[in-house]
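Chains as they are written, first to last, in the numbering used here: chain A, 38 to 329; chain B, 38 to 329.
These aren't lab readings, by the way, just hints derived from the structure by calculation.
Some clues are possibly wrong.
The list cannot tell twin chains apart, which means a pair is met if one copy fits it or any two copies do.
[Unchecked claim] Below 25 Å or equal to it, Euclidean Cα-Cα: the simulated SDA-like pairs (lysine to any residue) are:
no.: 1; residue 1: Lys261; residue 2: Leu235
no.: 2; residue 1: Lys193; residue 2: Arg251
no.: 3; residue 1: Lys99; residue 2: Tyr85
no.: 4; residue 1: Lys53; residue 2: His187
no.: 5; residue 1: Lys51; residue 2: Thr108
no.: 6; residue 1: Lys279; residue 2: Gln143
no.: 7; residue 1: Lys66; residue 2: Ser152
no.: 8; residue 1: Lys236; residue 2: Ala325
no.: 9; residue 1: Lys51; residue 2: Asp328
no.: 10; residue 1: Lys236; residue 2: Glu218
no.: 11; residue 1: Lys144; residue 2: Asn122
no.: 12; residue 1: Lys216; residue 2: Gly141
no.: 13; residue 1: Lys280; residue 2: Leu170
Quick caveat: nothing in here was measured; it's all calculated off a predicted structure.
Protein chains: 2
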Amino acid sequence: MKLLDGKLVSQALKDKLKVQTAVRAAQGKKTPHLAAILIGNNGASETYVGSKVKSCEEVGFKSTLIRLEETISEDDLLFKLNELNEDDDVDGILVQLPLPKHIGEQKIIETILPSKDVDGFHSESVGRMVQGLPAFYSATPYGILLLLEHYQIETKGKHAVVIGRSNIVGRPISIMLSKNEYPGNCTVTVCHSHTPNLKEICLQADIIIAALGRLEFLRADMVKEGAVIVDVGITRVADSSKKSGFAIKGDVAFDEVSTKCSYITPVPGGVGPMTIAALMMNTFKACAAKDN
Amino acid sequence: MKLLDGKLVSQALKDKLKVQTAVRAAQGKKTPHLAAILIGNNGASETYVGSKVKSCEEVGFKSTLIRLEETISEDDLLFKLNELNEDDDVDGILVQLPLPKHIGEQKIIETILPSKDVDGFHSESVGRMVQGLPAFYSATPYGILLLLEHYQIETKGKHAVVIGRSNIVGRPISIMLSKNEYPGNCTVTVCHSHTPNLKEICLQADIIIAALGRLEFLRADMVKEGAVIVDVGITRVADSSKKSGFAIKGDVAFDEVSTKCSYITPVPGGVGPMTIAALMMNTFKACAAKDN
């Protein structure tokens, strides 16, 4: 068994982006600029946005963090977004989710210009991805592709089973993996809460993407010898041995599955860091797309 | 074995739309209006557009057929489309494909306002469908759903195997069938030219959507007893016994598969007529959406 080490690959990608950004600067080209909007004081959101801003610094991007009050009106937020849309220096915009209940999430996402939609959540981004047009792939599934690519995992003709059909992970990764490109060209099966014979289907899988959000759901008896396992789950579990008081666990029972599979992502340190690397890649692309 | 009779169901849906359209008229509401653009003199395109215009007449919709020369420039076509976008009386716009080679198909499709995109080919329509937002489902996959719905085919928890991953049929129907709605909630496997064990996978299917465009590809030995078979293929085969000199055949070897399955679409008379019914449904919806 070999680890699909998201921390390591994420760092390698960021190192590469740092060089590419320096090359751009040397050529007198624009520095990529990510604007992030953070609303209220959600602890997890603070952490996520903090990592994104820190990653921008690491790779030499410009970043702008806009903190807004929990009580901001939808109109004021839309106004702010339109300012960022019109600001030529801003290449990528992200609004950290979730939003306060009085703000329509979909409306906010759809307001971001597709050309600055580095999170890939706009319906036009999703549609373009599905249709095979140039598009921002949303960060988590894109991060998974980058991880498979780094380890040169063979995907063509392989059977990938995706557990979960969320808009954020399961659905897009199932589409990406069945596209005619690399990583891709998998036969892909999408499973979900109404799949009666999940174990039987998982046992056929060469690649399993576990993205259902249920603690240690995937057990060793559901996995074929030599399969590739990608764990997208993140569940906090109380753990008094940790300083924080909790440990992060995934959708895969790592200890038992890891003895059977060929590759597996750890949690934490697998898909999580890749999401941020993918966001940096998208921001770089958004900037570079303006060169011509 | 029972036929999934697209001709019959299409007629039933059109009869219902005719009543609904008459009810709208009686209430003083707007009559649905479809504008179709036909470029050049392609025989098949003439036939398709002709059927669409005829269907509009049948259900009491207004239709406008705009014939343009093969030599029209892209700019002139874009200008025409923008006129239709701005014309409040036009509810739905379709541009019959394929287009002459000097015109960018994607650019044309993306110019149609998403709110008038009754063919459902705009990337925003596709993205909204994927994300579960209100959207125009593109006509062929939507027609398949309407057909399954009419015959009250159970889909929840069933394993649907989709052969083909085209933007027009395979990809969207695979997504629709795995959504959390009816018809849907299937476990869905997408197969394509790189799937090594297609027969084995098809033998697991409760529902097979054959949409690869290869004459009589699906044989009886690939089908589980009692499966539901939807044939999206259309191939012209020379047939001197026909007045036209050709017969239309599908992707399914009908004679042998029909002895094994529970339901099957004939070709012709299966998915084909449903595509037009679906287009009429979308046009009606586009019009009704303006009521408020």
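Now the hints, each set against the structure:
1. Lys261 with Leu235: Answer is both: 13 Å inside a copy and 19 Å across each meet the 25 Å cutoff.
2. Lys193 with Arg251: Answer is between: at 22 Å across copies they meet the 25 Å cutoff, but 29 Å inside does not.
3. Lys99 with Tyr85: Within one copy only: 17 Å inside, 53 Å across.
4. Lys53 with His187: For Lys53 and His187, only the intra-copy Cα distance (13 Å) is at most 25 Å; the inter-copy one is 55 Å.
5. Lys51 with Thr108: neither (35 Å within a copy, 50 Å between copies)
6. Lys279 with Gln143: neither (37 Å within a copy, 54 Å between copies)
7. Lys66 with Ser152: within (18 Å within a copy, 39 Å between copies)
8. Lys236 with Ala325: neither (44 Å within a copy, 45 Å between copies)
9. Lys51 with Asp328: within (21 Å within a copy, 51 Å between copies)
10. Lys236 with Glu218: For Lys236 and Glu218, the Cα distance is within 25 Å only across copies (23 Å; inside one copy 28 Å).
11. Lys144 with Asn122: both (15 Å within a copy, 22 Å between copies)
12. Lys216 with Gly141: Between copies, since 22 Å is at most 25 Å while 32 Å is not.
13. Lys280 with Leu170: neither (46 Å within a copy, 42 Å between copies)
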